[in-house]
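Peer 1: Residue numbers (the numbering used here), protein chains in the order written: chain S, 1 to 468; chain Z, 1 to 446.
In case anyone wonders, no lab produced these hints; they're calculated from the structure.
As the structure is a computational prediction, the values presented were derived from the model and not from experiment.
Careful, some of the hints might be misleading.
Unchecked claim - In silico DSS-like cross-links for lysine-lysine, where the CA-CA straight-line distance does not exceed 30 angstroms: (1) Lys220/S with Lys416/Z; (2) Lys416/Z with Lys318/S; (3) Lys220/S with Lys350/S; (4) Lys220/S with Lys417/Z; (5) Lys318/S with Lys220/S; (6) Lys10/S with Lys220/S; (7) Lys10/S with Lys268/S; (8) Lys10/S with Lys318/S; (9) Lys268/S with Lys362/S; (10) Lys433/S with Lys36/Z; (11) Lys362/S with Lys350/S; (12) Lys36/Z with Lys10/S; (13) Lys220/S with Lys268/S.
What the hints assert, rightly or not - Rough simulated footprint, nothing fancy, chain S against chain Z, three-plus residues with beta-carbon under 8 angstroms: (14) 9-20; (15) 43-49; (16) 53-60; (17) 63-75; (18) 172-184; (19) 378-384; (20) 396-409.
Just so you know, even glycine gets a beta-carbon here, dropped at the ideal spot from N, CA and C.
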Amino acid sequence: LKDRLSAALKASGADYTEIRLERTWSSAVSFRGRRLESATVSEDQGGFVRALNRGCGWGIASFTSLDELPRMVARAHELSRAVRLDEPIRLADTVPQVADAALDLDGDVRGIPLGEKKRLLEAYNGAMLAVSDRVVDTQTNYQDEVSEVWYVNSEGAALYQLRPEVVVSGSAIARRDGTIEKGLESIGQRRGWRSVHDFTERFRAAAQRAVDLLDAPRVKGGTYPVILDNELAGVFVHEAFGHLSEADFVYENPQARAMMTLGRGFGKPVLNVGDNGAAPGLRGTLPYDDEGTPTQDTPLIREGVLVGRLHSRETAAKLGERPTGNARALSFRHAPIVRMTNTYIAPGPKTVSFQDLIADVKLGVYACGAFGGQTMLENFSFTAAWGHMIRDGQVAELVKDVVLAGNLFQTLDRIDHIAGDFTWNEMGGGCGKGGQFPLPVTEGAPHVRVEEALVGGDVPGGAGAGGA
Amino acid sequence: VIDRVLDAARRRVDGADALWRREERTSIALESGRLKAAGVALEAGVNLRVLAGGRTGVAGTTAASPDVAALIDRARASAELGEPLELPLPAPSAVPLPSVLTWFDSAAQASLDALIAMGRGLAERLAREGCQVNVSLEREVGETIVGNSAGARGSYRTTAVAVSAEVIRIAGDDVLMVYDGVVSAALPDAAELDALARSIEDRLAPALTVVAPPEGALPVVFTPAGLAAVLLPLEQALSGKTVLQGSSPLAERVGAEVFDRRLSITDDPLAPGRPYSRPLDDECVPSRAAGLVTGGVVRQFVYDLETAVRAHTDSTGHGRRGVFGKPRIRYTNLVVGPRPDAVGAQHAAPLRLGGGLIDGITDGLLVDDLIGVGQGNVIGGAFSHPVGLAYRVRRGAITGRVKDAAVAGNAYELLKKIGDFGSDGRWLGSRWSPSLLLEGVSVARR
Chain S
1 LKDRLSAALK
11 ASGADYTEIR
21 LERTWSSAVS
31 FRGRRLESAT
41 VSEDQGGFVR
51 ALNRGCGWGI
61 ASFTSLDELP
71 RMVARAHELS
81 RAVRLDEPIR
91 LADTVPQVAD
101 AALDLDGDVR
111 GIPLGEKKRL
121 LEAYNGAMLA
131 VSDRVVDTQT
141 NYQDEVSEVW
151 YVNSEGAALY
161 QLRPEVVVSG
171 SAIARRDGTI
181 EKGLESIGQR
191 RGWRSVHDFT
201 ERFRAAAQRA
211 VDLLDAPRVK
221 GGTYPVILDN
231 ELAGVFVHEA
241 FGHLSEADFV
251 YENPQARAMM
261 TLGRGFGKPV
271 LNVGDNGAAP
281 GLRGTLPYDD
291 EGTPTQDTPL
301 IREGVLVGRL
311 HSRETAAKLG
321 ERPTGNARAL
331 SFRHAPIVRM
341 TNTYIAPGPK
351 TVSFQDLIAD
361 VKLGVYACGA
371 FGGQTMLENF
381 SFTAAWGHMI
391 RDGQVAELVK
401 DVVLAGNLFQ
411 TLDRIDHIAG
421 DFTWNEMGGG
431 CGKGGQFPLP
441 VTEGAPHVRV
451 EEALVGGDVP
461 GGAGAGGA
Chain Z
1 VIDRVLDAAR
11 RRVDGADALW
21 RREERTSIAL
31 ESGRLKAAGV
41 ALEAGVNLRV
51 LAGGRTGVAG
61 TTAASPDVAA
71 LIDRARASAE
81 LGEPLELPLP
91 APSAVPLPSV
101 LTWFDSAAQA
111 SLDALIAMGR
121 GLAERLAREG
131 CQVNVSLERE
141 VGETIVGNSA
151 GARGSYRTTA
161 VAVSAEVIRI
171 AGDDVLMVYD
181 GVVSAALPDA
191 AELDALARSI
201 EDRLAPALTV
211 VAPPEGALPV
221 VFTPAGLAAV
231 LLPLEQALSG
241 KTVLQGSSPL
251 AERVGAEVFD
261 RRLSITDDPL
271 APGRPYSRPL
281 DDECVPSRAA
291 GLVTGGVVRQ
301 FVYDLETAVR
311 AHTDSTGHGR
321 RGVFGKPRIR
331 YTNLVVGPRP
341 DAVGAQHAAP
351 LRLGGGLIDG
361 ITDGLLVDDL
371 IGVGQGNVIG
381 GAFSHPVGLA
391 YRVRRGAITG
401 RVKDAAVAGN
411 AYELLKKIGD
421 FGSDGRWLGS
431 RWSPSLLLEG
441 VSVARR
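Given the sequences, and given the hints that come with them, work out the whole structure.
Peer 2: This is the structure in structure tokens:
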């Protein structure tokens, strides 16, 4: 295969050519309620070629039939020449890497019978259903893959990477008459079969939460001090800040560049944020990105000051900065674009605990877990999986429909306390951008306090809750 | 390929159905008005489902010349773990499959240069000082063949062209983004591109002024794009899968008047020239329109073969499958509105923002985009979202864009009494709808 790749590179007429081939073995099992939905094994393969010529733009070709490789190299060159550009695309210099990098498979999923995977998921699914007869529906999924990726470019890079992935996730729907609630659990690892056992209690707890939420009141809409738990704080920093730190958002837009000038204040001095694709064993971890650049720990905010951003070779060259190893592609079907890996809020002093964060809160909201989050540039919305009111420095009653909404800059400025209890999230799912979803990423954070944030929920006078 | 797969399967299992699909996509992207990339993507694959020992299993492959025996082995292994299911494979249709326009030479034969010229024209039209304009175009040519061991067969070719444009304006820490897109089986003509540009211009101009949001229970106009949050719970509840699982609030409401009498929802796989139209579904069930809600009354749900068997009903022809995985229920062209017969008239004529619904509003909102739609507990009908793009309406006119506001309500409550339907019905991706005026939507501000 390596010979075929170098022959194809040599035959390219373009000034710069890169080729990525992938072969992915995967299996998947899913349950809906008591019923097995499907159990399958799949093999997917294909290639991606990108070519660049002086005075021209990118020419891109992706394909499932590897016999097409020589033709697709020629096609990418042709397409590049059809895109004429006044201002040339430049790529930041990197040292071409030559390496074989196999991540730890931790129990190669390819050797485990599908029936065993079914039994594992059945146990987790059963634990959710056993919680109560109010649990009317579940949806659980097991998914694993081992991806082999070959990457070569005309500057001499030649990489082989073996990337494992395993995700177990489940949601439970609890219902009483017109009231319907949801509980969610998800475990995602860039590892193998050995890393997804012993989670029965977490799946059971998620279903119990759905049942408990049936009796919980909706949070009363308004402005509160809000404490984010580790999971939600991580999702928050990914969604609300991380996407703005992706350099492809600013590199072609002078106004965006002004907004994200390095050195500008971002939050109080307690805030430190970064992205670390080289952290061992996490979902967003990769030795090299999909342009062959080694990954690294990139500081983004240091003590409340913007100090860095995430780059591909193209965005780094344009901004006169260095590539950070953040050019990632979902698969051979896509071009690499600037993406996060493992994004984190660094812990505060070890001595600061969750209790310290809530001690002086008279009335506040403890927002836990994440159903999801979306950012539209400087505005964001996050739906916590559940919440508790905080009353007189104590965690009080369970509340539901905790939706946090706000402006990124204002909200980061209002983070006033960060605990020392850092953890990495180990969720499945992934990040979506430019039609590429779900890209494996993760986040990490300690408990974080926002002194004031808008919480959606029941608004007096509005058409409130109710069913059909 | 499909005959080879089905012939081999017939000898080794009790029944089988399969889908072969080939797609070729050509795309261009203009970033900040500059053409930066052009690409092609070629993809082909086979999906096989087998019936063996009273169970079903699936397998797929993207290999160019697939190892048929190995594919069947994998599908059989999948079936061994499956649930008991007597899947009735549709027999060959006694009447010809319905004819539906899914192929346009103009789209299939458009050259790369023609697509580039179209993208450049749109970017130039939208260019303005202090704004970043991004335009992308994608043309897809596809061919699908479906068949089963009972002898049913169907094949069709499709074209699809998607054009989208966005204008981003950043002033200090204020970020404004206005975007729109058209998707059609045909190559858009000058009038359609003009309508796309106008749609963006019409929403950009009043957005340049930022005004304070109102507060309280107010009349709110949801544009076809803004309606997503209100319609998503219904889309979930009208799926036979949700009904079968017992989580649809509409499950026991067939025949009941649940919504405003003027509300109808139809899924129409035979809508001419739409990219999701097809003469039969991915399980060989001939296409026909399904009236899900008519005159405010819930009539039926959408089903694929498996869900229909389990629910003791018939497939409505809504099975959709990819190369990997089993068929699932999916809508095709969802038509929402008072007069589904008016559908199809593309908005070549310029449309008024809000479709005439803001005229009678003393104080309220026009919502074009909400943030976080689909998060949270959708099926119950309750939603609460900050606005992505919304305008304040006072005394029948738009006064400017509002930020830092959130709207909340319950789709089922709000759709019981619809204030009015706008005159701006249009396709947005796979859904056709006009703007809707809904009363008593709760609006909160920071």
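Peer 1: Would you check chain S against the stretch 378-384 of chain Z, counting CB to CB pairs closer than 8 angstroms, and say if three or more residues qualify?
Peer 2: holds (count 5)
Peer 1: CA of lysine 220/S to CA of lysine 416/Z, is that 30 angstroms or under?
Peer 2: Given pair lysine 220/S, lysine 416/Z holds - Cα atoms ~25 angstroms apart, limit 30 angstroms.
Peer 1: Assess, step by step, whether the Cα of lysine 10/S is no farther than 30 angstroms from the Cα of lysine 318/S, and give holds or violated.
Peer 2: Roughly 28 angstroms between the alpha carbons, so the hint for lysine 10/S and lysine 318/S holds.
Peer 1: Below or equal to 30 angstroms on CA atoms is what counts here, so check lysine 10/S against lysine 268/S.
Peer 2: With Cα atoms ~53 angstroms apart, lysine 10/S and lysine 268/S exceed 30 angstroms; violated.
Peer 1: Please work out if lysine 220/S and lysine 417/Z have their alpha carbons no farther apart than 30 angstroms.
Peer 2: Given that 30 angstroms is the threshold and the Cα spacing comes to 26 angstroms, the pair holds.
Peer 1: Quickly compare the C-alpha distance for lysine 220/S and lysine 268/S to 30 angstroms and report which way the hint goes.
Peer 2: 28 angstroms, holds
Peer 1: Is the hinted pair lysine 10/S and lysine 220/S satisfied, with a Cα-Cα distance of at most 30 angstroms?
Peer 2: Outside the cut-off at roughly 65 angstroms; violated.
Peer 1: Given the hinted pair lysine 36/Z and lysine 10/S, is their alpha-carbon gap at most 30 angstroms?
Peer 2: Status holds; Cα separation ~24 angstroms.
Peer 1: Next pair to validate is lysine 433/S with lysine 36/Z; report whether the Cα-Cα distance is within 30 angstroms.
Peer 2: 18 angstroms, holds
Peer 1: Three or more residues of the stretch 53-60 of chain Z near chain S by CB distance under 8 angstroms?
Peer 2: With 4 residues close enough to chain S, the hint holds.
Peer 1: Under the criterion that the straight-line Cα-Cα distance not exceed 30 angstroms, is the pair lysine 220/S, lysine 350/S satisfied?
Peer 2: 33 angstroms, violated
Peer 1: Compare the distance between the alpha carbons of lysine 268/S and lysine 362/S with 30 angstroms, and conclude whether the hinted pair is satisfied.
Peer 2: 22 angstroms, holds
Checked against the numbered hints given earlier, the structure breaks hints 2, 3, 5, 6, 7, 14 and satisfies all the rest.
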